[in-house]
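Visitor: Please dock the two separately framed chains into a single complex, following the hints provided.
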Amino acid sequence: MRDEARPANGSPAIAAVPKIRLRGLTKRFGDKLVLDGIDLDVMARTSMVVIGGSGSGKSVLLKCILGLIEPDAGSIEIDGQDVLKLDREAREAVRNRIGMLFQNGALFDSLPVWENVAFGLLARHKASRAEARARAIEVLAQVGLAASVGDLWPAELSGGMQKRVALARAIAAQPDILFFDEPTTGLDPIMGAVIDGLIVDCVKRLGSTAVAITHDMASARRIGDRAAMIHKGRIIWEGPATALMDSGNPVVDQFTHGRREGPIQMELRR
Amino acid sequence: MNAALDFVAAIGRGVLGACLVTGRLALFGLNGLSHWVRPPFYGRMFLRALIEIGYFSLPVVALTAVFTGMVLALQSSTGLSRFAADSAVASLVVLSVTRELGPVLAGLMVAGRVGAAMAAEIGTMRVTDQIDALTTLSTNPMKYLVAPRLLAGLIALPLLVVIADILGVLGGFIIAILKLGFNSGIYLNNTLNFLETQDVVSGLAKAAVFGFLISLMGCYHGYNSRGGAQGVGAATTSAVVAASVLILAFDYVLTELFFAR
Chain A
164 MRDEARPANG
174 SPAIAAVPKI
184 RLRGLTKRFG
194 DKLVLDGIDL
204 DVMARTSMVV
214 IGGSGSGKSV
224 LLKCILGLIE
234 PDAGSIEIDG
244 QDVLKLDREA
254 REAVRNRIGM
264 LFQNGALFDS
274 LPVWENVAFG
284 LLARHKASRA
294 EARARAIEVL
304 AQVGLAASVG
314 DLWPAELSGG
324 MQKRVALARA
334 IAAQPDILFF
344 DEPTTGLDPI
354 MGAVIDGLIV
364 DCVKRLGSTA
374 VAITHDMASA
384 RRIGDRAAMI
394 HKGRIIWEGP
404 ATALMDSGNP
414 VVDQFTHGRR
424 EGPIQMELRR
Chain B
1314 MNAALDFVAA
1324 IGRGVLGACL
1334 VTGRLALFGL
1344 NGLSHWVRPP
1354 FYGRMFLRAL
1364 IEIGYFSLPV
1374 VALTAVFTGM
1384 VLALQSSTGL
1394 SRFAADSAVA
1404 SLVVLSVTRE
1414 LGPVLAGLMV
1424 AGRVGAAMAA
1434 EIGTMRVTDQ
1444 IDALTTLSTN
1454 PMKYLVAPRL
1464 LAGLIALPLL
1474 VVIADILGVL
1484 GGFIIAILKL
1494 GFNSGIYLNN
1504 TLNFLETQDV
1514 VSGLAKAAVF
1524 GFLISLMGCY
1534 HGYNSRGGAQ
1544 GVGAATTSAV
1554 VAASVLILAF
1564 DYVLTELFFA
1574 R
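Residue numbers (this note's numbering), protein chains in the order written: chain A, 164 to 433; chain B, 1314 to 1574.
The following block holds chain B by itself, in its conformation from the complex (with noise of 0.2 Å):
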């Protein structure tokens, strides 16, 4: 019996937990969210920021994105062949990488590479009262150090997303043409007929809601970190999780959103 109520209550303190960490966290984000439109503004702030997560993370999200195209070209004309659907290849590569792979892979690099540096940022600004010195010195931390990097993050990886969509056909196009013996002109055509301005935008507004949820991690785990060393790396490796998994189940709520009938 003792132990059947210990199981519920652990589910109980679990479900209160969740509930509360959700709380504060749409807190966090509504707080960073009204800074955007309450001056004074950082424009050095957001465009450090911007440069930070979208041009330095350009080189990993390019790389991702031809080798994914490329696979992508070489999987799908192996299964497809067996049906004798290879003209599928061009606008299943095309699909895939606008839809899907291009915003979520991005995404997941991103999240890598820029909610690690920014929770271990902003968690070091914390634990050496970097953060307490700034509302001394008549500075809103949220405004100073959260809200542009949100902007940052909303805004960059759409621009990211484009440059990874593109480079991603051109992967699939290139293992079509060089190594499928596919025709050029005609891979082109089937990509560009089956592509409609819903699967690009679809896939932009999901790299949009991945580059705020990516900043918005990593900004809360390292604004809410304690203890040191130790919880500045606890608080990179929250960051990271945290966004990785939310991109993936915003991915579905997104879809769902986007092209349920």
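Bound-form chain A, shown alone (with noise of 0.2 Å):
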């Protein structure tokens, strides 16, 4: 059912070495198998959508790439590079190279807007205050925001525009490697399409490689290249994000359709 070998995008499958190479990735919370071998490739510049259910562990696999999860075993590869056989220095500089838009956006609520989105330039002493809100208030007009939002509380802002200001912290370092985190929960749909082209933008903009985890159908379509589904701590499935629909799996039909009857039981207790 993979069909690893398609090349993304249509480009050579010759572009050897992926931008992200996991291997048998595997994590234990206690008696329950979250991940349970995960092998997937993302390759550079382009986009890849992970659907699930919830508690599927997609959450997990993206804080294990990230570093925030130790993996029990397999290997995490970022331009051919284990990331777990590294010190410590070496994996922060790593890290320092992914960006991440969390799920509620994890903005800051003790900094103002323009802080927050230049926390990590601040952080890494790469600017003056002056330059880093500058620059806060430069990567703020690109999602669409005005320079007088960076003087606002998080709590002052609606959800799409805390989903806008987290876009921001998370391209404005220029990372070369960008994490989404279930972009559109909780927005309504137009904001969602409006998130997901600024998250497209972005991305192309940058040229960064992107992972999304989502459980938005429409949303998976407009953000990935490639798609994979991800059930029982497992990759079931990969292919080309518009295959979505008609994946030819029967798992991956009932997701993407949403029927109650087939091969996903929901787990009820009774």
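No lab work stands behind these hints, which were simulated from the structure alone.
Hints may contain errors.
A few chain B residues facing chain A, derived, Cβ under 8 Å [as the list claims (entries may be wrong)]: (1) Thr-1441; (2) Asp-1442; (3) Ala-1446; (4) Thr-1448; (5) Thr-1449; (6) Ser-1451; (7) Thr-1452; (8) Leu-1501; (9) Asn-1502; (10) Glu-1509.
Listed next, with one range per pair, are the computed distances between beta-carbon atoms [claimed, not checked]: (11) A/Leu-274 <-> B/Leu-1371: 22 to 28 Å; (12) B/Gly-1336 <-> A/Lys-289: 52 to 58 Å; (13) A/Asp-245 <-> B/Phe-1354: 30 to 36 Å; (14) A/Arg-423 <-> B/Gly-1356: 38 to 44 Å; (15) A/Gly-349 <-> B/Gly-1356: 54 to 60 Å; (16) B/Gly-1336 <-> A/Arg-254: 24 to 30 Å; (17) B/Val-1554 <-> A/Arg-254: 56 to 62 Å; (18) B/Leu-1371 <-> A/Gly-370: 53 to 59 Å; (19) A/Gly-370 <-> B/Arg-1351: 31 to 37 Å; (20) A/Gly-216 <-> B/Ser-1347: 54 to 60 Å; (21) A/Arg-423 <-> B/Arg-1351: 51 to 57 Å; (22) A/Phe-192 <-> B/Ser-1347: 26 to 32 Å; (23) A/Asp-245 <-> B/Val-1554: 41 to 47 Å.
Non-contacting residues of chain A with respect to chain B, defined by C-beta distances greater than 10 Å in every case (computed) [what the hints assert, rightly or not]: (24) Arg-208; (25) Asp-242; (26) Asp-245; (27) Asn-259; (28) Ser-273; (29) Gly-283; (30) Ala-309; (31) Asp-339; (32) Leu-361.
Think of the CB as a built atom: it goes at the ideal place given N, C-alpha and C, for glycine as much as any other residue.
Guide: Structure follows, in structure tokens:
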């Protein structure tokens, strides 16, 4: 069912080393096996969308790649380098190249919007406060927010604006890998489409490699070049994002069409 | 037989659990401390914590100290007058306040005010992914959130206790003069004659330890909170209870260290 050989975006398959390469990634929390040997390749400058039900391990997968959760087994290669074997400093250097948009924004509510956006720049001492502020306002403009928003507090913003600010924060340091954790959850369909459009623009402009996890099919098709489905801790299907709705895999079809009947049985307590 | 085994097993589990928590706390504290000497340093976070712990706790600590001094003078005079030992009121007030009541009561008040706020703030950051976000933005959360608060607790509480000592003695003085009819000159003379440097210094050393413990409990419980609003609520309660109990326990240990001959 996997069609690994097919090149992404029609580019030749000899583009060789994937930007992100996961092999046998396993993670267990107590008795619960969350990731059961994940194999996944994401080629450079492409967008991979990972779909899957709630609790299927999508977020854990991203957190493992980011180094926020230590996997029990397997390898995570970025540009051909196994990050799990690197020392702490080298891993931090790898992490500095990754931008992350968290599901609920995760904006720092004790800091004004501009400081949120410029946080990474200030933390790396790459800019003075004045320079960081100017850069923050520039990035806010890229996500369609006025300079005056920079002086507001995160709690004063609507959900859609918070997502935009969080996106601005993720792209401010111009990372070459971007992760999006359910970017449209909690937004109305129009705002969801707007955020998806911004994500696609940003990824294209930066030339980044993107991995998004979602269970919003419209969003998955808008953002992704490729798609993969995670189910019971394994990747059960992978293919072009355009094939999501008619994948030919009964599990994927049940999920993408939201059917109650099918191979996926909801775990309900009786 | 089974009941007896269950009982022993429960005790064993409790002891192992306590060892586990103590070990985790020690590692957490040492990790936090290690960032005091490893750059980068977050001066703004330190100043923010210092103002939060020190400056904003002043009113509640000041009121506590004044009333404690007043009650001490009143109570000791009624007790001591039975033995015609009224003149000891001044020394009793100043020694009690500087050695014990200043640091302990200031510690308990700050634990309630600051320990809870710290656990709630860091706990909310944990459950809303803000701590993970810090990590993804090249910032070590232990260095950014925990280390400045530990240092601020250690420094702010002794400063508060200096003020609490002065106000506690003042409270006793006011009652002694206005209500108990003492001569102000003799009272002040008695206060100063019996006070030794060690009394004040030991109280301030206690305060530094208490301040560190309050921050440690607030940060540890907030940092390890799980599961939304309820988890943050539980972390807040644990932080205050643990800090309060530890303050009283360490008060005994430190008193034994300073004064046992």
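Visitor: Look at each hint and say if it fits the structure.
Guide: To see whether the hints hold, each was checked on the structure:
1. Thr-1441: holds (6 Å)
2. Asp-1442: holds (4 Å)
3. Ala-1446: holds (4 Å)
4. Thr-1448: holds (6 Å)
5. Thr-1449: The hint holds - B/Thr-1449 has a Cβ within 8 Å of chain A, the shortest such distance being about 4 Å.
6. Ser-1451: At 5 Å from the nearest chain A Cβ, B/Ser-1451 passes the 8 Å test, so the hint holds.
7. Thr-1452: The hint holds - B/Thr-1452 has a Cβ within 8 Å of chain A, the shortest such distance being about 5 Å.
8. Leu-1501: violated (46 Å)
9. Asn-1502: Not OK, violated: B/Asn-1502 not within 8 Å of chain A, min 50 Å.
10. Glu-1509: violated (44 Å)
11. A/Leu-274 <-> B/Leu-1371: 22 to 28 Å: holds (26 Å)
12. B/Gly-1336 <-> A/Lys-289: 52 to 58 Å: violated (38 Å)
13. A/Asp-245 <-> B/Phe-1354: 30 to 36 Å: holds (33 Å)
14. A/Arg-423 <-> B/Gly-1356: 38 to 44 Å: Once the Cβ atoms are compared, 57 Å apart, the range 38 to 44 Å for B/Gly-1356 and A/Arg-423 is violated.
15. A/Gly-349 <-> B/Gly-1356: 54 to 60 Å: violated (36 Å)
16. B/Gly-1336 <-> A/Arg-254: 24 to 30 Å: holds (25 Å)
17. B/Val-1554 <-> A/Arg-254: 56 to 62 Å: Since B/Val-1554 and A/Arg-254 have Cβ atoms about 37 Å apart, the given range 56 to 62 Å is violated.
18. B/Leu-1371 <-> A/Gly-370: 53 to 59 Å: This hint holds: roughly 54 Å between Cβ atoms.
19. A/Gly-370 <-> B/Arg-1351: 31 to 37 Å: Given a distance of about 35 Å, which is inside 31 to 37 Å, the answer is holds.
20. A/Gly-216 <-> B/Ser-1347: 54 to 60 Å: Because 41 Å falls outside the window, the suggested range is violated.
21. A/Arg-423 <-> B/Arg-1351: 51 to 57 Å: 55 Å Cβ-Cβ, so the 51 to 57 Å window holds.
22. A/Phe-192 <-> B/Ser-1347: 26 to 32 Å: holds (28 Å)
23. A/Asp-245 <-> B/Val-1554: 41 to 47 Å: holds (45 Å)
24. Arg-208: Per Cβ check, A/Arg-208 is outside 10 Å of chain B; nearest 21 Å; holds.
25. Asp-242: It holds; A/Asp-242 is separated from chain B by about 18 Å at its closest Cβ, greater than 10 Å.
26. Asp-245: Label holds. Min Cβ-Cβ 20 Å, cutoff 10 Å.
27. Asn-259: Label violated. Min Cβ-Cβ 5 Å, cutoff 10 Å.
28. Ser-273: violated (8 Å)
29. Gly-283: For A/Gly-283, whose nearest Cβ neighbour in chain B is about 4 Å away, the distance does not exceed 10 Å, so it is violated.
30. Ala-309: holds (23 Å)
31. Asp-339: About 14 Å separates A/Asp-339 from the closest Cβ of chain B, which puts it past 10 Å; holds.
32. Leu-361: holds (19 Å)
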